[in-house]
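Enquirer: Kindly produce the complete structure, drawing on both the sequences and the hints.
Each chain is listed here by its residues.
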Amino acid sequence: MASTTKAAYCITTKQLSNILPTSCKPIEVDNVLISTAMITKIFYPAALTDDFDPQTENIERTLFHETVKHGQNTLLGKNVKIGTNCSIGHNSIIESNVVIGDNCSIGSNAIIRNTIIKNNVSILDGCVIGKKGFGFFPNNDGNIRYPHIGIVIIEDNCEIGCGSTIDRGSLSDTIIGENTFLDNQVHIAHNNKIGKNCIIAGQVGFAGSSTLGNNVSIGGQTGISGHLKIGNNVKIGGGSGVIKNIPDNCKVMGFPAKDLKKFIKDNK
Amino acid sequence: MINPFFENKGPIKIDDILNSVNIINKFNYVDTKIFDVKDLILASNKDITFFH
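If you read the protein sequences in the order shown, they are chains W and Z. 1 is the number of the first residue of the first sequence in the working numbering; add one for each residue after it. 1001 is the number of the first residue of the second sequence in the working numbering; add one for each residue after it.
These are calculated hints, taken from the structure and not from any lab test. Cβ coordinates follow ideal geometry from the N, Cα and C atoms, glycine included. There's no promise every hint is true.
Below, a list of computed lysine to any residue pairs in the SDA-like style, where the Cα atoms sit at most 20 Å apart [what the hints assert, rightly or not]:
(1) W/Lys193 / Z/Leu1042
(2) W/Lys14 / Z/Val1021
(3) W/Lys78 / Z/Lys1026
(4) Z/Lys1046 / W/Ser172
(5) W/Lys25 / Z/Asn1019
(6) W/Lys6 / Z/Val1021
(7) Z/Lys1046 / W/Pro26
(8) Z/Lys1013 / W/Pro45
(9) W/Lys265 / W/Gly241
(10) Z/Lys1026 / W/Leu33
FRET-style restraints, in silico, Cβ to Cβ [what the hints assert, rightly or not]:
(11) Z/Lys1033 / W/Phe137: 24 to 34 Å
(12) W/Asn267 / Z/Glu1007: 51 to 61 Å
(13) W/Lys258 / Z/Asn1025: 28 to 38 Å
(14) W/Ile19 / Z/Asn1003: 25 to 35 Å
(15) Z/Pro1011 / W/Asp51: 18 to 28 Å
(16) Z/Ser1020 / W/Asn18: 25 to 35 Å
(17) Z/Lys1026 / W/Lys251: 29 to 39 Å
(18) Z/Lys1013 / W/Leu33: 21 to 31 Å
(19) Z/Lys1026 / W/Pro54: 38 to 48 Å
(20) W/Asp248 / Z/Asp1016: 24 to 34 Å
(21) Z/Asn1025 / W/Thr84: 30 to 40 Å
Expert: And the structure:
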């Protein structure tokens, strides 16, 4: 990827700069991520904080009060778009610029920001979607936060269970693929790309930047480490700890997660 | 695509960017306007990216 980038400039190390194409000028630094964080802050200073949206108003005072079935104390930000046949429960907050497609159901006590929701999506009670990710760099002089300028995209026909949290991406987006169902209290961290038709049971937690294929099932309380690639049709048993990539069509279980047959044999 | 959720303060000149974060401008880059920060794949020839 680095050798074909079209970027004008690239923050990198002296050791890696010769991989870049001649059209991309290197900016050589000691710590690429910290320098990138500092430069991103210059472009997007507002992305570092996650204060509440002060521009919200009660749905009763907006045009949506006639077209959206809603509970008490439902708040909408500026420029929110909501499709037809949607409902939003009590005390939910849809912050500015959020897009909600047709036939969507948003439960009560949900907070949605920095998010695009496609059609036929159910967001159950108590979800928080689009908050900044837990991205930072440890530093003895004070940890440095990374500004999160990505968004959350929830594709068609998804269901997000009660109390689930989906963080927005840092530079890329966090994506929940079509027809994927999340159980209650699932945490999807920044930059994860969840495939189509996946089933993720309660209390599963994803660290950042992993990619999940299509038709993946994950049992409850499984943890997925960061920057992994989980293939298509993978089944992961409950309570597993996944710390390395999993190829297509595998069944794994345990901590660290290993082939299911080996897990059963080892635990007889 | 324009990010509808966060205001982009760009374009910003490359030398101003490097000065403001105390990165030594060892190749003496000047004047080029940078419009955005993007990853290696999405970056255009008006953007800055990173590689580590």
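Enquirer: Which constraints among the numbered hints does this structure fail? Numbers only, ascending.
Expert: 3, 6, 13, 17, 20 and 21
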